[in-house]
Amino acid sequence: MTELTTKYDVLVAGGGNAALCAAIAAARSGARVLVVEMASKFYRGGNTRHTRNIRCAHDAATATLSGPYPEEEFFSDLLQVTRGATDEALARHMIHESKAVLDWLPQQGVRFQPSLGGTLSLGRTNSFFLGGGRSMLNALYLTAEGLGVAIAYEAEVIDLAIDNGMFLSATVRRGGERHTVRAATFVAACGGFESNIEWLKQSWGAAADNFLIRGTPNNRGTVLKLLIERGVQETGDPTQCHAVAIDARAPKYDGGIITRLDCVVFGIVVNKNARRFYDEGEDIWPKRYAIWGRLVAQQPDQIAYIIFDATALTLFMPSLYPPIAATSIRELAGTLSLDPDALDKTVADFNAAVRPGTFDDTILDDCRTEGLEPPKSHWARRIETAPYYAYPVRPGITFTYLATRVNRQARMLMRDGRPSANMFAAGEIMAGNVLGRGYAAGIGMTIGSVFGRIAGTEAAKHARN
Amino acid sequence: MPATEKAGARPGSHASPLLAEADRLMTVCNSCRYCEGLCAVFPAMEMRRAFPDGDLNYLANLCHSCGACYVDCQFSPPHEFDVNVPRVLAQVRDDSYAAYAWPRALAPMFARNGLVVSIVAALSVAAFILGFVAWHDPRVLFGTHTGSGAFYLLMPHNAMALLFGAAFLYAIVALAMGVRAFWRDIGDPVRLAPGAWWQAMRDAASLRYLDGGGIGCYNHDERPNDRRAFYHHLTFYGFAFCFASTCVATLYHYLLAREAPYPWWDLPVVLGTLGGVGLIFGPLGLLIAKLRRDPVMVDARATGMEMAFIVMLFLTSLTGLALLLLRATPAMPLLLALHLGVVFALFITMPYGKFVHGIYRFAALLHYAKEHRAFMSKD
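Sequences listed follow chains A and B, in order.
Take the first sequence: its letter number 119 is residue 119 in the working numbering, and every next letter is one higher.
Take the second sequence: its letter number 338 is residue 338 in the working numbering, and every next letter is one higher.
Be a bit skeptical, because a hint or two may be false.
Heads up, simulated EDC-like pairs for lysine to aspartate or glutamate below, C-alpha to C-alpha not over 20 Å straight-line [to be verified]:
1. A:Lys252 <-> B:Asp55
2. A:Lys345 <-> A:Asp309
3. A:Lys272 <-> A:Asp360
4. B:Lys290 <-> B:Asp226
5. A:Lys41 <-> B:Asp226
6. B:Lys378 <-> B:Glu46
7. A:Lys99 <-> A:Glu145
8. A:Lys252 <-> A:Asp209
9. A:Lys41 <-> B:Glu80
10. A:Lys252 <-> B:Glu80
11. A:Lys41 <-> B:Asp221
12. A:Lys225 <-> A:Asp159
13. A:Lys225 <-> A:Asp309
14. A:Lys252 <-> B:Glu46
15. A:Lys461 <-> A:Asp209
16. A:Lys41 <-> B:Asp188
17. A:Lys41 <-> B:Asp294
Don't read these hints as lab results, they were simulated from the structure.
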């Protein structure tokens, strides 16, 4: 079992992409590194387990990327998704450093492949991990172990001794025992607080009880809260989280990406009163999927149902759970415990409002409703071909935006603006610095790898001095 | 709305609970697709939205059991989705051998296969020894015989050729009938596709999909290595060399009227010796890898069958090499009986043991090459 009593140069809290990049970078700089991961060996890696790609700038096509993705384009994409809620200097620094990370990760054993089937739109910008996020983690762990990084599993940081911005020690709980772990520097890379339902309730009220958490149950925000309490400056909206609509039959935690449903644009979405509540065809799905978590969270009991018919069944990725099927709309309502009259009326009103058009799911087509509130602006086709299908959906929380403020060295800033002497942050716990709002595929991993690598290098440098 | 069944389960009928479980896993995997780049199974899966039994048997035989998808999967046990593709496909694959066996009455030979093969082997060896004794003076069994035609003092060449030819022919017919049933089940149109054949031959000969997507297969931990592929190559090419040796010797006998035993430098002996060495170290390496393999990825019911095949290959080579080394001594007649008995047992049990994996695997690779080409040209 990994020794916790010796004094290390660098203590890394967390076990995902950011933590491992920090640990490897620090070890490569000659530091003695301890990683404390709250999860068991199987569940190690937090939300990285569920990731599949990383967004890095690059000036030319590679074996796995179909074309260049200049820094400027990356930054403009970031501006678009965050609508300006980003620290520009830090974001530009991250994007610049992401270029080197594209070469650095394969040197740590990470393997890339061309974009997965059905994700061609990301083939130029995002590097996909061969075998997915857990494969990436396995490679990073093997590399870290090879470099002599000590890794303690099922070891949770429950307290931090910080004096005037200077990390002294951490209290780590492992197997019912408390250990005081001393290190010259501290890297916080242990995620946000999205799995902490009580904390989510502070902003969302009782509705949060009906949220499903897409990733690890371990992101309870303990370290984030401790750091803020001990004087670290916070940034990012403390009330917000990234939420998408996922299958309501998914487990409470760790259902991952496979519980997603990509069929909203092919049907209508009703709440438990069998009423529609938003334009399902507002824009192409990759641009709109992230608003549906919030939309469903605002419905009674935080539940909604995507309703479509036989003509749409094979237009989207096969789903994990089978759609609920029925031979009539009334029967479908009965199965879903909705009012049959109400659902029948909603579908009939929708069908009556659909104007003729040419259906094309690859563009913003001209199939729309007229005189309906809310409208369906594109891909509106009558729901009239049995069998009829439904997916129940709930809000699925991906991550939170509240973050510890950091500078270009990934060094935490204290509330008075001074940089901390020896504390660094990487990954989701500081994502809010560059990602104040919204999301773009693969950007969480960019934040983790880039700032993890910087944090590890800087921490090792500090420990040496 | 909690899930009442395991994630991925859908209504539908399957011939066995294992096939239903394979359907569930392919449904889970098809909604994920992270393993797409690891081997041929996942791209083949992506060409489908539903998984009838024939397709599942095809996917199961396409799987080389490299283990990468298990090690890489975020949903493998202890996750509640319980995704264990290598084991379930191994189980389905092993069941499929029995399902396609010809004649049907011999399908039970796959169950308790280790015992069956051992008995057949022992009986074969005993039959050859008794045969030699019955046809000759018992003393011939302990005499020293050298020079051209020495083996045929014990058993006339024509009798040997007839017996082994018949055993071999039977194996070929039984295997062909099995593949025919498989081919019908997976619904491959019977159509010559030279490009696909060439592709499948290259994929099979190089064990392309036993490499975890490029870094080697997984055996007993999360560190990949290529040892199983290496030992499989030794075994496969060792077998091929031995087979070639037999063919050359047969041609020598009938076309050139040159009778065994041949000198050590002659082609049949060189091929047989090289193949024999491969067939010593290959099966040994596979045996060790098998004993160390993480049991979570293994179909434990098939251990007997796998061991039986490995041991039979090993014994074939061991007795053959022993015969080569000791053929000028009084041990020769007994060793000849031993060798012939083992080879005979290997041949007649071929269609009902682990040997069939190579045949069905090749058929699956061929089907994949065909459908992959059709899919790519459609897009």
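Here is what the structure says about each hint:
With a C-alpha separation of about 33 Å, the suggested pair Lys252 (chain A) and Asp55 (chain B) falls outside the 20 Å cut-off, and the hint is violated. Restraint check for Lys345 (chain A) and Asp309 (chain A): the C-alpha separation of about 16 Å stays at or below 20 Å, so the hint holds. The hinted pair formed by Lys272 (chain A) and Asp360 (chain A) fails the criterion: a straight-line CA distance of about 30 Å is larger than 20 Å. Taking the CA atoms of Lys290 (chain B) and Asp226 (chain B), the gap is near 14 Å; set against the 20 Å cutoff, the hint holds.
Annotation: proposed proximity of Lys41 (chain A) to Asp226 (chain B) is violated, straight-line Cα distance about 24 Å (limit 20 Å). A threshold of 20 Å between alpha carbons decides the hint, and for Lys378 (chain B) with Glu46 (chain B) the separation of about 14 Å falls inside it, so the pair holds. A threshold of 20 Å between alpha carbons decides the hint, and for Lys99 (chain A) with Glu145 (chain A) the separation of about 25 Å lies outside it, so the pair is violated. Between Lys252 (chain A) and Asp209 (chain A), the direct Cα distance comes to roughly 10 Å. Compliance with the 20 Å bound is thereby established for this hinted pair.
At roughly 16 Å between alpha-carbon atoms, Lys41 (chain A) and Glu80 (chain B) fall within 20 Å of each other, so this suggested pair holds. For a cut-off of 20 Å, the pair hint linking Lys252 (chain A) to Glu80 (chain B) stands: about 11 Å separates their Cα positions. Straight-line distance between C-alpha atoms of Lys41 (chain A) and Asp221 (chain B) comes to about 12 Å, which keeps the hinted pair within the 20 Å bound. Between Lys225 (chain A) and Asp159 (chain A) the CA atoms are separated by roughly 10 Å; this keeps the pair inside 20 Å, and the hint holds.
Annotation: proposed proximity of Lys225 (chain A) to Asp309 (chain A) is violated, straight-line Cα distance about 47 Å (limit 20 Å). For the hint pairing Lys252 (chain A) with Glu46 (chain B), the CA-to-CA distance comes to about 27 Å; that exceeds 20 Å, so the pair is violated. Only pairs whose Cα atoms come within 20 Å are accepted, and Lys461 (chain A) paired with Asp209 (chain A) is rejected, the gap being roughly 44 Å. For the given pair, Lys41 (chain A) sits about 43 Å from Asp188 (chain B) by alpha-carbon distance, which is inconsistent with the 20 Å threshold.
With a C-alpha separation of about 16 Å, the suggested pairing of Lys41 (chain A) with Asp294 (chain B) holds against the 20 Å cut-off.
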